[in-house]
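Novice: In case you want the letters, here they are:
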Amino acid sequence: MKTFFNKLLHIPLLVVILFNVVSYGQQPLVTVSGQVKSQEDAMPLPGSSILLKGGSTGVVADFDGNYEIEVPADGTLIFSYIGFQKQEVAINGQTQINVELREDTQALEEAVVIGYTTQDRKSITGAISTISSEDLENVHAGATISSGLAGKLPGVSFRMADGRPGASASIQIRNMGTPLYVIDGIQQDEGQFNNLSPNDISSISVLKDASAAIYGVRAANGVVVVTTKRGRKGSRNTVNINSYIGWQNWSRFPNTVNDSYKWMLGKAEAEVNQFGTTAITPEELEKYRVGEEMGYQSFNWRDFIIKKDAPLTNINVSATGGSEKINYYLSATQLKQESVLGPEFTFERSNIQSNVDADISDRLKIGVQINGRIETRDNPGIPGADDYWLPRFAILRNRPFERPYANDNPEYLNDIGHNETNWALHNKKIGGYATDIWRVMQTNFSGEYVLPFIDGLKVKGMYSYYIADRVLNGHEYTYEAYTYDEENDAYNVTGGSTNPWRERRTQKIMKNVYQGQVQYNGQFGDHSIEGLFVVERQDQRDQEQWVHSVPETNSLPLIYFSNTDAYDDRDDQEARIGYIGRLSYNYKDIYYLEGSARRDASWKFAPDKRVGVFPSVSAGWRLTNEEFMKRILGDSSVLYDLKLRASYGILGDDNIGIGPYDYLPGYNYNQGVAILDGNPIIASRDKGQIIDNISWFKSKITDIGVDFYLFDGKLSGSYDYFYRERTGLRGRKYDILIPNELGYGLPEENVNSDAQSGFEGALAYSGKIGNVTMNVSANASYSRGKFISSYKPIFNNSYDEYRNSLEGRYNNIFWGYTSIGQFQSQEEINSYPVDIDGRGNSTLLPGDLIYKDLNQDGKIDGYDEAPIGYGTPFGYVARQPLINYGLSLSLAYKGFDFTADFSGGSGYSFNQEWETRNPYQNEGALNEIFLDRWHREDPFDVNSPWVAGKYPPLRFNNGGHSSYNKNSTFWLHNVKYLRARTIEIGYSLPKGLTEKLRIQKARFYVNGYNLFSIDNLSKFGIDPEINDTNGLQYPQNKFVNVGINLSL
Amino acid sequence: MKKYIYILAIGTLCAWSCTKDSEFLDREPTQLLPQDQVFASESLALSVLADLYNRYYDFGTVEDWSTLSNFNVAFWSENGRAGAFENNEYGYGDWGTWDYAYIREINLFLERCAASTELAEPIKTRFLAEARFLRASYYFELVKRMGGVPLILETEEYDFSGDASYLRHPRETEAAIYDFIIAECEAIKEQLPTDANSKSRATKGAVLAMESRAALYAGSIARYGENTPQVSLPGNEVGIPSSRATDYYTIALQSAETIIDGTAGAYSLYTKKPELDDNFASIFYDKANNPEAIFVEDYQLQSGKVHGFSIANQPRFGAEEEEGGRINPSLNLVQSFETLDGDYAPLPNEDGVGNPIYYDNIGDIFEGRDARLAGTVILPGSSFKGKPVDIWAGYQLADGSIVSGDARGQQKTLPGASSATQVVGFDGPINGLEFTAQTGFYIRKYMDPKAGSGQRGVQSDVWFIRYRYAEVLLNAAEAAFELGQPDLAASYMNQVRARAGITSELMGSDISFDRIVHERYVELAFEGHFFYDMKRWRLAHLILNGVPIDETGITENIGVATKVHTQPYGFWPYKIYDPGNANDGKYIYKIVRPIKVTGADRFQFGNYYSAIGQDIINNNPKIVKNPNQ
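These protein sequence lines are chains P and U, in that order.
Whatever position you read off the first sequence (first residue = 1), add 1 for our numbering.
Whatever position you read off the second sequence (first residue = 1), add 19 for our numbering.
These aren't lab readings, by the way, just hints derived from the structure by calculation.
Worth double-checking, as some hints may not be accurate.
Unchecked claim - Only pairs whose alpha carbons sit at most 25 angstroms apart, straight line, appear in this in silico DSS-like list of lysine-lysine:
1) Lys306(U) / Lys688(P)
2) Lys699(P) / Lys787(P)
3) Lys39(U) / Lys793(P)
4) Lys699(P) / Lys793(P)
5) Lys688(P) / Lys39(U)
6) Lys512(P) / Lys406(U)
7) Lys461(P) / Lys39(U)
8) Lys324(U) / Lys288(P)
9) Lys143(U) / Lys406(U)
10) Lys734(P) / Lys641(U)
11) Lys610(P) / Lys641(U)
Keep in mind it's a predicted model, so treat the numbers as computed, not measured.
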């Protein structure tokens, strides 16, 4: 019986034995001192690090860049500072060494966070993109991290379908699915990532290929690695204040006809179109046109509901610095986002982050990271699961002659017959409240010990505890709706709700992560080796209770047992164990080779199916360091650096769609309740066939890439091609047909496969023209999935195969009819040979859609459907664009700076449905787009001539008509958009002034986000990124922000 | 020294927090019971049985309001359902069922329960009989919808040999399935309690009620199947030879009479309330000592098992939520209720020459009708939960023009008036506006009069009655009639009719096939019988013949079994606005077809038995298809 502890101890022992041979002999020591400065402006570089090459000795320069170090006289010192190129100086007996470091424009030496460790950019062999704090800080796109990543990272697709307060964007790596997030070494979920404070992030690395394999079982969709900021040893104490306020407005939302007359006229027209007559008389219409009599006026619901310039405020205060032994970063952030629905619909978040590292001795370092947050979503309690739905729906549900208050008296909620969409109800006074609070706290303790005897060998340990606590309280009040009785000047209760809905949801998630690491770095002449071994255990417990009651009163907040009618309880656990090894080799910075393997075990599978091994290899060849290339290139710096790289790895995913205990037989308890002889009996059901033969599916990913730097490094770029094949997806073997009468089907197995492939590239230029510093960059990526094969698929006939086969086809194909035009006249309809509406074209009018009769059988039916677009939403999940691109420009001139970012996407479809397709959907408002429709000159005269328009002639809430009941190219749009994201102008006070004010830095800025979009959905009043086909999703906001950055 | 302390400290921490890998990965499930534990405990075994009860198949229940009110017995006042009244034909696959997983789980229960050594013998006997009752009930459901099916009475396993042909079982004949149901009933009836107070579990009464209904169905298919020779298969998987009719009717009569004579428990007609319409409505919600209910699906507030029938269907005006009003019973049904004298008559809205009849009160036109009408349907002028329903379609002016509104309870200024006044009921009817009474009626059967039953958070615990005493009487009446005993039939039928307030008694000579059909139509409306009754009498293709109905088609042929039933009609009250005239403020009624009713239903021969899915046939080539598809 081996314990975890035993295993942990064995490994270093082994490493000690292996590398014991490479100890250094004793050398005479000298004391070297000097100053480290920047080459460009000769300013000292405080906190720069001075290291003995190949050893563990090192010091940090003081505030003036001075250092002193005791080293062997024949050694070599490595001087480094973030943002500058490393410089190596042989000591050769000198005691005074002053160096000037060159700014590292190419960022070749930049430390990039990869799995569990960091690497220099130049030695990276995987497909890894990074984004730093500077890139994030000027994006003010909402409350979450993901919302600010549009167009920032090549290979990362972006779609923000919903823009409500606190909303997140959907980001995917190469469209492979939801990625794994790793924050400061701990595997986390999307919500954790999104609710970090952007100010606390130091860098984000995106592992897109086999380099993610080191995270094993959950890394099949790529990994996003986040590092938070830390203080620098020996750096001065600095307090930073970053604060801004922004104003938000909806980017787009469908407009409605706010004129009762036009609404009624349209209805009359629609009824004549449908039935040949209408009950609406011209006299009646005239009253609406005049619009003075009660019941005939017009009301603008959209203006009533939507507020302009909803504020978002954010303030972050951080303190950072360090002595020679201790460094710290402390930060607090407060964010509040209101909604355009008014100040009662809010998202608020407070974050704290405390990262402290201490050197206990020369060999032992310890660190503590604490981060916590309180996240509050607070809004009126509104019927339905989503409290933001009915207010938006109201805009297209409420008709212009309906009014929110009886007799326009704000004391009385008007009974409009569908009062749940009466905005006058959607407030905390009448409607109720819903408050959802997450309180999260995480602490990571880490220790690092540099082992004696062997240089370059250290062990690390980390323990992390995470607790998240959620409390949701909701209360939808009972309310009364009134009808005004003019004759008696009375307000009569004629509607409302006597149903109080009181609920409370409490949830606690607790996570433990244990990590042990052994790391080795060795340099043997031209060969350098890095080894890493990690043991990792994580478990999680998730407990949730939900209770519902029917209280007697709106005014008391507590829940009482006798009013309670539902109680749900849940307690789920997860556990995973990983053993990870990695070995990197580098010859003269020309050849790089890296191999890693992870053995993972997941609690989810049957005991004999739990373990999976996920290996990966990668290699890089830095051509420009080859002697022959140096000879060819000579002094030319056109080709400054060129690296080819390739990787291959196998990643896993335990999220295969089965439950954690599907391998155990027995009876599932709590499958509903039956009342037997007056007693409620909790029901149990046989689980049926157990699934004990399923394990991970495997994701094999190949990546080939090139990184290059041209013109002295001013122009840099990288390109990647990748191919991911997943095998072992869940499916059934159909060699044998089992009669349904058996009562169970064959268990599913790991038999299907699919693939995702694409390419991406990025190009960046940074340079100076006169006094203007300029950075321009662009990136684009393409990634599309394909189903490869299922196990011996069976088709009933060739049409079945044509229509339903997935084999070898792209995923998410949208089938629909091809609209080949609109009828221009009744004569054309009468003589048209194809039966369009299934009723001999008797329901058709000029302007109605003509569909292509693909199989030429004289009628339009399901057999005439063909692929016409990309997959639209899968349930409520938005599809990511297949093509994503980003453009960025930044300029700096003296104290001024300017940034402009754009991003875009295409390769997905939007299907107009419901409110965006059917006029008078739900008998509600009329979407403004339908004003441009085919109609008769005189709506009351069936013989009057037709006037052409864009949309088919109106029908009143009749989605069943042939023009509306089919998905076709008329309604489906393949979206293309380019959006202005950040546009910012900033000004920093000149140095002279800041010195007088005794501050380090002061900068002011004005910033806009999402100010405009160029796309093909604007004519429908629809934001190009929304997902809901009715067009009523809460769209992204346009932001205008002003802010200040201060360093004290 | 210090560093060793560190190492020791870290090492101890590690060892303290660590366990074996496999132990770390084994996490206990929280809702999983091992099989041996289940069958060692009476309460856990009952828990499994509870699930089998919960999965009982009904054709429409209070949880499935639309199926319950299908085939134009009502209009569905919900926009999303309008399509049902626009199309003409039913899919061959409609109403199909093939849930052999349910059968397998019943068989598993039977086998495991029988093998249990820890359950007490009487408990075991009862559980086994209950499971057999449920299995027979589902085979009954299968045979009604699909015809004869493979009869699987033991669990089988696939042996992964690569040959599954030994698992293929052909369809039994339709008669064989009925015979199985009858035989099972005979076998288990004595093993179950004789207890009229046990409503939600199988009892002797429930078994006999099922036996009587199943035998009656088999008998009528044998007899009336002759009218539709197309609806049969050569192997008799569909169709029962007419020679067997008498046997089945005899069984139906016998088992019904066993209940009627009291040997199965103290069942009788419910007659607790003085007002006959209230009395009729109470059968469906009065759960205290209700002698009529024999077997029910039960619900209980605050238990997790409740339903939203009242939310979905109660009058929209005055409802607890912004919901209600979905089932609008059709005029076709409403006027089928006889007068208290036992006459068939359309509702008198016009005199002989077509002039409207003016009523002082809105509900007067429904006076003197079979009490089951007001017990089944919420009529204009009646109340629900103490609040009058507000059903009226608008004002008719002196010149015959109509003033009405687009919204519930809308106000307009009438000609000559100075201020706005309500011009349409808060319950409509407004043509095409969902949740208003678009036929002029709402449903009362199953409607829960408790305050709060329309709240989403509370809902209703009104039970759904699967077998009740009145049906047993009607089964007996029908079987007696078919066996040539019309006097006996009349005596059973008169009991049901007397409870409804009908004053004239039927004689043996009054009993006809049409009478039988009519009585079940009105007594058992919305109880899931209409569909199966139409099918077993082979009437469905005649009454749902795809031909639209005109107004006279509605008022004529009341009480005729083959009366066309392809479209639901409405009956709208209007108020007269004619100041100074004697009729001012009085009510008239108009027959209307709701605007969304544009199709006329057609039931094809291929609809008599639902299509068996192609995948089922692929998996078992021995399954033959149903006819005419």
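Novice: Could you run down the list of hints and mark each one as holding or not?
Specialist: Here's how the hints hold up against the structure:
Proximity of lysine 306(U) to lysine 688(P) is assessed by CA-CA distance (about 34 angstroms); at most 25 angstroms being required, the pair is judged violated. Taking the CA atoms of lysine 699(P) and lysine 787(P), the gap is near 16 angstroms; set against the 25 angstroms cutoff, the hint holds. About 41 angstroms separates the Cα atoms of lysine 39(U) and lysine 793(P), which puts this hinted pair outside 25 angstroms; it is violated. A threshold of 25 angstroms between alpha carbons decides the hint, and for lysine 699(P) with lysine 793(P) the separation of about 20 angstroms falls inside it, so the pair holds.
At roughly 29 angstroms between alpha-carbon atoms, lysine 688(P) and lysine 39(U) are farther apart than 25 angstroms, so this suggested pair is violated. Of the pairs offered as hints, the one joining lysine 512(P) and lysine 406(U) is violated, with about 56 angstroms between alpha carbons and a cut-off of 25 angstroms exceeded. Distance hint between lysine 461(P) and lysine 39(U) is fulfilled; the C-alpha atoms sit about 21 angstroms from each other, no more than 25 angstroms. A C-alpha spacing of about 52 angstroms is found between lysine 324(U) and lysine 288(P), which places the hinted pair above 25 angstroms, so the restraint is violated.
Annotation: proposed proximity of lysine 143(U) to lysine 406(U) is violated, straight-line Cα distance about 50 angstroms (limit 25 angstroms). Between lysine 734(P) and lysine 641(U) the CA atoms are separated by roughly 22 angstroms; this keeps the pair inside 25 angstroms, and the hint holds. Distance check on the hinted pair: lysine 610(P) and lysine 641(U) sit about 38 angstroms apart at the alpha-carbon level, beyond 25 angstroms; violated.
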